[in-house]
Amino acid sequence: MLKPEPMTRVVICGLNQDLPDVSHILSQKRLVHLEDYGGEDEGFSAGATLDYGAKVSEYLVRIRSLIKILDIDAGSPVGIKNANSVEEEVFEKLDGLEKNILAIHKNHRDSAQKLKDGMNRLGSLEQFEPLGINLESFSGFKSMSVLTGTLSSKTEVSIPNAETVRKDDMIAVFVPTDGHEEVEQQLVKAGFKSLDLPTGEGIISDEMVALESEMQNLEGKVEALGHELEALNKRHGQWLVIAEEHFAAQSEKSSLPLKLALSKNAFVLDGWVPEKECEGLKTSLEGLNVDIQLESSDDEPPVKLDNPPMVRPFELFTKLYGIPKHRELDPSVLLFFGYPLFFGLMIGDLGYGFFYFLLGHLLVKKYGHSDELLQLGKIIRLAGFSAFFFGTFLFAEAFGFEIHWLAHELPFVLHKSDSADVGFMLLATGGIGLFYVTLGLAMGFYNTMNMHDLKHAVQEKLSWIMILWGGLLFIPPWLFGDSLLGSRLGLSD
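So for the sequence shown, this note's numbering puts the first residue at 1; every next one is plus one.
Hints are computed from structural coordinates only; laboratory data are not their basis.
Because the structure is a prediction, the values reported are computed rather than measured.
All C-beta atoms in this analysis are idealised placements derived from N, C-alpha and C, irrespective of residue type, glycine included.
Don't take each hint at face value.
[Unchecked claim] In silico DSSO-like links for lysine-lysine, alpha-carbon gap of 27 Å or less:
1. 366 to 68
2. 461 to 3
3. 29 to 276
4. 142 to 116
[What the hints assert, rightly or not] Computed Cβ-Cβ distance ranges for the label pairs, DEER-style:
5. 435 to 48: 55 to 63 Å
6. 280 to 13: 18 to 26 Å
7. 230 to 362: 33 to 41 Å
8. 325 to 295: 31 to 39 Å
Sequences and hints are given; from them, build the entire structure.
Written as structure tokens, this is what we have:
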């Protein structure tokens, strides 16, 4: 529990004809951590994916594409289906389902884009409509340019040899092409902001009416197509998730030879297996014509943490910081005891603790398909229970307010308004912190001595323990005098 699980080197040799069965069993049992073959032996080379690998990858890509299009929550699939029945269903119905989904998706995407473009044009026409100019009047001139945009109605401009149409902040200037740049610079200096010229023909207000009607139809069409995609999600979502999980597993099996040493007739697999699973590995492969060799090795093995179910969620914190090496101590147990304890003492409120517990429980139930969120939910749930416990029996508080009747009923309650209780809490905080830091340094001492030698452990960890405890013995008398410790220990000044 305090150390990772012991590992043993395993070498499996066999004939290529048994490789698909070996791949299936190893993928199913998940007992062996494979080492990539380096291609260093004559007559052997790294293998290629199994024959069905390309077909599996093709189906996996197609299924994942449909899952993305339908925005399916790829959580744990509901129900278990036989692998053969899953493949038969996929081969039978995927083509038709994919064709239907892609057609609806394309129609939905194109209609949504038309709606977006139409709304942008409608917004542009709304700006130009007050000018009262027909659309064809903004373009089609050979010797005249049109400048359109916004200019504050309070700003007066005088432009010779040009015709200006203004309404509120909108302005359109019709100017000979030769003087186009000079007029534009004059307008910009006055605060002019250019807008793209509208295209089309006819009266702007009539165009807006027709466009609004078209947009309403498009909105209805986009909404209806969206409902169709949602219906397809509900009808086929779980089936697609099951199919994706199945073909992902098949893809993993088919890629196993990429890590093997492969010759014309035989394969060699090199990896690691937990010591306690060695017999289980032999039993699972005993029906095949393979040779299994278990041997010791000086190489650094992969790390498999070995903790009881209650502690496993706290492996999340251990992995975030750094997975311990094979000969190091696993701090997950320390986190299991320390994190909820410190959280409960810091929060110390039954009201907040109750809501933290509910939050953790919600994560566990709703996002249980995600290993990280499941572990985080269990941690928050345990921390919430700790806060609820200490908030009830040590502080008698709910949402920051003391529960007076509960405080009088319980034999030992700490009051934050009582100086004696505050002093006790400060001393207890220092004591718990000192113990926890010392324990961490002691584990570090063990790890350093195990990975290097005693000299390194003394220099890197024991020195800090001596500084910590030496400071504890020296600093209080130096600050407060010998009477502080002497009075506590019954010593005379």
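Hint check:
no., hint, result
1, 366 to 68, "holds, 20 Å"
2, 461 to 3, "holds, 19 Å"
3, 29 to 276, "holds, 14 Å"
4, 142 to 116, "violated, 33 Å"
5, 435 to 48: 55 to 63 Å, "holds, 57 Å"
6, 280 to 13: 18 to 26 Å, "holds, 19 Å"
7, 230 to 362: 33 to 41 Å, "violated, 24 Å"
8, 325 to 295: 31 to 39 Å, "violated, 21 Å"
Violated hints, in rising order: 4, 7 and 8; the structure is consistent with all others.
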